[in-house]
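Engineer: The primary structure of each chain is shown beneath.
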Amino acid sequence: MPVFYENKQLVTPGDLLAENDYISGENTYKESNKIYATRVGLFGHEDKRVYVVALKAFYLPVVGDTIIGKVLEVTLGGWVVDIRAPYVAMLRASDALERSFKPQKDDLPSIFDVGDTLVAKIVAYDRTRDPLLTVLERGLGKIARGQVIEITPTKIPRVIGKQGSMVSTIKQETGCQITIGQNGRILVSGKSPEDERLAIMAIRKIEEEAHISGLTDRVTEMLRKEKGEKSKEEVTENVSKEN
Amino acid sequence: MKIEVGILGNADGSAYIEMGKNKILAAVYGPREIHPKHQALPDRAALRCRYHMAPFSVQERKSPAPSRREQELSKVIRESLEPSIFTEYYPRTAIDLFIEVLQADGGTRCAGITVASLALADAGIPMRDLVSACAAGKVDGQLVLDLNDVEDKGGEADMPVAYMPNQNAITLLQMDGMLTGEEFETVLNMGLEGCKQISQLQKEALKAKYTVAKEDEKEEESEEEAAE
Chain A
17 MPVFYENKQL VTPGDLLAEN DYISGENTYK ESNKIYATRV GLFGHEDKRV YVVALKAFYL
77 PVVGDTIIGK VLEVTLGGWV VDIRAPYVAM LRASDALERS FKPQKDDLPS IFDVGDTLVA
137 KIVAYDRTRD PLLTVLERGL GKIARGQVIE ITPTKIPRVI GKQGSMVSTI KQETGCQITI
197 GQNGRILVSG KSPEDERLAI MAIRKIEEEA HISGLTDRVT EMLRKEKGEK SKEEVTENVS
257 KEN
Chain B
87 MKIEVGILGN ADGSAYIEMG KNKILAAVYG PREIHPKHQA LPDRAALRCR YHMAPFSVQE
147 RKSPAPSRRE QELSKVIRES LEPSIFTEYY PRTAIDLFIE VLQADGGTRC AGITVASLAL
207 ADAGIPMRDL VSACAAGKVD GQLVLDLNDV EDKGGEADMP VAYMPNQNAI TLLQMDGMLT
267 GEEFETVLNM GLEGCKQISQ LQKEALKAKY TVAKEDEKEE ESEEEAAE
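Those protein sequence lines, which keep their order, are chains A and B.
Last residue of the first sequence: 259 in the numbering used here, with the numbers rising by one and none dropped.
Last residue of the second sequence: 314 in the numbering used here, with the numbers rising by one and none dropped.
Simulated from the structure, these hints should not be mistaken for laboratory data.
Here the structure is a predicted model, which is why all the values come from computation and not from measurement.
Honestly, I wouldn't trust all of these hints.
[Unchecked claim] To give a feel for the contact side, a few chain B residues facing chain A, derived at Cβ under 7 Å:
| # | residue |
| --- | --- |
| 1 | Arg118 |
| 2 | Glu119 |
| 3 | Pro122 |
| 4 | His124 |
| 5 | Ala126 |
| 6 | Glu158 |
| 7 | Thr179 |
| 8 | Ala207 |
| 9 | Pro212 |
| 10 | Met213 |
| 11 | Leu274 |
| 12 | Lys293 |
[To be verified] The calculated lysine to any residue pairs, modelled on SDA-like cross-linking and capped at a C-alpha distance of 20 Å, are:
| # | chain 1 | residue 1 | chain 2 | residue 2 |
| --- | --- | --- | --- | --- |
| 13 | A | Lys221 | B | Lys295 |
| 14 | B | Lys123 | A | Lys46 |
| 15 | B | Lys293 | A | Met106 |
| 16 | B | Lys295 | A | Ala226 |
| 17 | B | Lys123 | A | Val96 |
| 18 | A | Lys46 | B | Ile120 |
| 19 | B | Lys295 | A | Ile167 |
| 20 | B | Lys295 | A | Asp146 |
| 21 | B | Lys295 | A | Thr168 |
| 22 | A | Lys221 | A | Gly157 |
| 23 | A | Lys46 | B | Thr272 |
| 24 | B | Lys293 | A | Tyr67 |
| 25 | A | Lys86 | B | Ile120 |
| 26 | B | Lys123 | A | Asp146 |
| 27 | A | Lys24 | A | Val79 |
| 28 | A | Lys46 | B | Pro251 |
| 29 | B | Lys282 | B | Thr272 |
| 30 | A | Lys178 | A | Thr168 |
[To be verified] Covered stretches of chain A (chain B as the covering partner; in silico rule of three or more C-beta atoms under 8 Å from a C-beta of chain B):
| # | stretch |
| --- | --- |
| 31 | 50–64 |
| 32 | 97–108 |
| 33 | 132–140 |
Positions of the beta carbon are idealized from the N, C-alpha and C atoms, including for glycine.
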C-alpha cells in the first residue's frame with residue numbers, strides 16, 4: 017500500500033497518487049483501488065487520507081459560507097448576484113428586509129441596485145438549484161466603503177491562517193477592517209488609503225507565497241518595515257519643513 | 087515541440103503549442119452560467135468546443151466562416167475530451183473551449199486535443215487524466231508516426247489517436263486510407279507510444295508554469311538577501 021509522492025510535491029491531473037488502503041481526499045478520485053489527482057496542485061497525505069491542494073480552482077458555493085457578491089440584476093422579487101462561481105446566486109427581497117416584503121410598497125432598487133457590492137451568506141445550495149443568499153445577519157449587507165480585491169479562492173485559508181492568526185496580524189498592523197469572502201473576494205477598509213494599500217500589499221504577498229512556510233512572520237516583518245519607512249519619511253519631511 | 091501553459095490573461099485557462107509547423111492556441115472559460123439556457127444539461131456541464139482555423143493558417147487564404155470540416159472537428163475534439171472531465175460535478179453549466187489554429191501543417195486535430203487538455207487543466211477544471219493525441223500512418227509503404235500535411239495527403243493511410251495514459255483509454259480513433267489487419271495493430275501501437283511521449287511533455291509544461299513562478303520568488307529572495 018504505497019504512496020507515490022512526497023508531501024508538497026507538484027502533481028498534475030491523472031497522476032497515480034496511492035494504491036489500496038488510502039482514502040481519496042480533496043481534488044482526487046478513486047477508481048479500482050487506485051487514487052489519482054484531478055487538479056494541478058501540491059500532494060499531501062495525513063494518515064490514510066490522500067489529497068491535493070489545488071494551485072488554481074474556482075469557487076463552489078457551500079451552505080454557511082460568507083461571500084462578497086455583486087448585484088447583476090434587480091428582479092420583481094429580489095436580486096441576481098454574481099458570486100464568482102459557476103452559478104449566479106439569488107437574494108430574495110424577504111431575505112433582505114427585516115419585515116415582510118410588500119411588492120406594491122417596497123422599491124427594490126433603492127435597497128440594492130445593479131453594481132452594488134454585498135457581503136452575504138449562502139443559506140441554501142445543492143446541485144439542482146442555484147444558491148440562495150441572505151443579508152439578515154450581523155456584518156452582512158451593502159458595502160459602503162473600502163476596497164474589494166480578488167484572489168484565487170484556494171488561497172483563502174492561507175489569508176485567514178491558523179485560527180485566524182494571519183488576518184488578525186494584518187488587522188493589528190494596519191488598523192484596517194478586513195472581511196473575507198470565501199469566494200475569493202476580500203473587503204479591506206481602513207482609516208486612510210495608505211492603510212488599505214498596506215493591507216492589500218500584505219494579502220497579495222500571501223497569495224504569491226502561499227506555499228512557502230513561515231508566512232505570518234514574513235508578512236509581519238514586511239508590514240513593520242513598510243510602516244517604519246513611512247514614518248521615517250514623515251519625520252524627515254517634518255524636519256525639512258521646520259528647517 | 088514547444089508547449090506553454092497559462093499564456094492568456096483574460097481566459098480562465100489557456101495553452102499554446104508548436105508541434106512541427108503547427109501553431110495552435112487554446113482557451114477555456116468556465117464552468118460558467120450557460121447561455122442560451124435551453125442548452126443546459128440537468129445532470130452535467132455542457133462542454134462546448136470551437137475549433138477554428140485562422141484565414142492565414144494555410145497556403146491559400148481560408149474563409150474565416152466555420153466550414154463543414156471545422157464543425158466536424160469541433161465535435162470530434164469535444165467528444166475526445168469529454169471523457170477526461172468530471173462534467174457531472176457542475177450540472178447546468180457550460181465549459182467553453184476555443185481552439186484557434188494559427189498555422190497548420192497536418193495533424194492539427196491531434197495537436198488541438200493536446201493543447202485543449204492543458205488549457206482545461208490550467209482552468210482548474212477537475213479531470214480524470216490529461217488527454218494527449220498523435221497521428222500515425224503509412225507513407226510510401228513505410229509505417230510512420232506524426233504525419234505532416236504532405237505525408238497525410240500523399241500517404242496511404244492516416245490514423246489520429248487520442249489517449250489517456252493513466253487510464254489506458256483511447257478517446258479518439260479515426261482512420262482514412264487502407265491498412266492490413268497487422269499494419270493496423272502496429273500503427274495503433276505506434277500512435278499510442280507517440281501519445282505517451284507527448285503526455286510527458288504535457289506534464290512538464292503544466293508543472294513548468296508553477297516551478298518558474300517558484301524560482302522567480304527564490305531569485306527575488308536571494309536578491310533581497312544580497313541587498314541586505
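Engineer: Hint by hint, note whether the structure agrees.
Structural biologist: Status of each hint after checking the structure:
With its C-beta approaching chain A no nearer than about 6 Å, B:Arg118 sits inside the 7 Å limit, and its interface hint holds. For B:Glu119, the interface hint holds, the least distance from its beta-carbon to any beta-carbon of chain A being 6 Å, beneath 7 Å. Taking 7 Å as the C-beta cut-off, the interface hint given for B:Pro122 is violated, the closest approach to chain A being about 15 Å. For B:His124, the interface hint is violated, the least distance from its beta-carbon to any beta-carbon of chain A being 17 Å, above 7 Å.
With its C-beta approaching chain A no nearer than about 11 Å, B:Ala126 sits outside the 7 Å limit, and its interface hint is violated. Look at B:Glu158: its Cβ only gets to about 27 Å from chain A, farther than 7 Å, so that hint breaks. Taken as an interface hint, B:Thr179 checks out: its beta carbon lies about 4 Å from the nearest beta carbon of chain A, inside 7 Å. Given the 7 Å rule on beta carbons, the hint for B:Ala207 holds: about 5 Å separates it from the nearest Cβ of chain A.
Checking B:Pro212 against chain A by beta carbon gives a least distance of about 4 Å; that is within 7 Å, so the hint holds. The interface hint given for B:Met213 is met, as the beta carbon of that residue sits about 4 Å from the closest beta carbon of chain A, less than 7 Å. Restraint check, B:Leu274 versus chain A: the minimum CB separation of about 21 Å is more than 7 Å; hint violated. Given the 7 Å rule on beta carbons, the hint for B:Lys293 holds: about 5 Å separates it from the nearest Cβ of chain A.
Using a Cα cut-off of 20 Å, the hinted pair A:Lys221 and B:Lys295 holds, with the two alpha carbons roughly 19 Å apart. Of the supplied pair hints, the one linking B:Lys123 and A:Lys46 is violated, its CA atoms being roughly 33 Å apart against a limit of 20 Å. The hinted pair formed by B:Lys293 and A:Met106 fails the criterion: a straight-line CA distance of about 38 Å is larger than 20 Å. Restraint check for B:Lys295 and A:Ala226: satisfied, since their Cα atoms lie roughly 16 Å apart, inside the 20 Å limit.
Our distance criterion of 20 Å between C-alpha atoms is met by B:Lys123 and A:Val96, whose separation comes to about 16 Å. At most 20 Å may separate the alpha-carbon atoms for a hinted pair to count; A:Lys46 and B:Ile120 exceed this at roughly 29 Å. For the given pair, B:Lys295 sits about 18 Å from A:Ile167 by alpha-carbon distance, which is consistent with the 20 Å threshold. Annotation: proposed proximity of B:Lys295 to A:Asp146 is violated, straight-line Cα distance about 34 Å (limit 20 Å).
For the given pair, B:Lys295 sits about 16 Å from A:Thr168 by alpha-carbon distance, which is consistent with the 20 Å threshold. In summary, the hint linking A:Lys221 to A:Gly157 is not supported, as the alpha carbons are separated by about 28 Å, beyond the 20 Å threshold. Our distance criterion of 20 Å between C-alpha atoms is broken by A:Lys46 and B:Thr272, whose separation comes to about 32 Å. Only pairs whose Cα atoms come within 20 Å are accepted, and B:Lys293 paired with A:Tyr67 is accepted, the gap being roughly 18 Å.
At most 20 Å may separate the alpha-carbon atoms for a hinted pair to count; A:Lys86 and B:Ile120 meet this at roughly 19 Å. Between the alpha carbons of B:Lys123 and A:Asp146 the distance comes to roughly 14 Å, so the proposed pair stays at or under 20 Å and holds. Taken as a hint, the A:Lys24 and A:Val79 pair is broken in the structure, with Cα atoms around 29 Å apart against an allowance of 20 Å. Proximity of A:Lys46 to B:Pro251 is assessed by CA-CA distance (about 16 Å); at most 20 Å being required, the pair is judged to hold.
Distance restraint check for B:Lys282 and B:Thr272: the Cα-Cα separation of roughly 15 Å lies within the 20 Å cut-off, and the hinted pair is therefore satisfied. Taking the CA atoms of A:Lys178 and A:Thr168, the gap is about 18 Å. The hint holds against a cut of 20 Å. For a cut-off of 8 Å, the count of residues in the stretch 50–64 of chain A with a CB near a CB of chain B stands at 4, and the three-residue condition holds. Here's how the stretch 97–108 of chain A fares: 3 of its residues keep a CB closer than 8 Å to some CB of chain B, so the rule of at least three is met and the hint holds.
For the stretch 132–140 of chain A, the assignment as covered by chain B is violated, since 0 residues bring a beta-carbon within under 8 Å of that chain's beta-carbons and 3 are needed.
Going through the hint list in order, the structure does not satisfy hints 3, 4, 5, 6, 11, 14, 15, 18, 20, 22, 23, 27 and 33.
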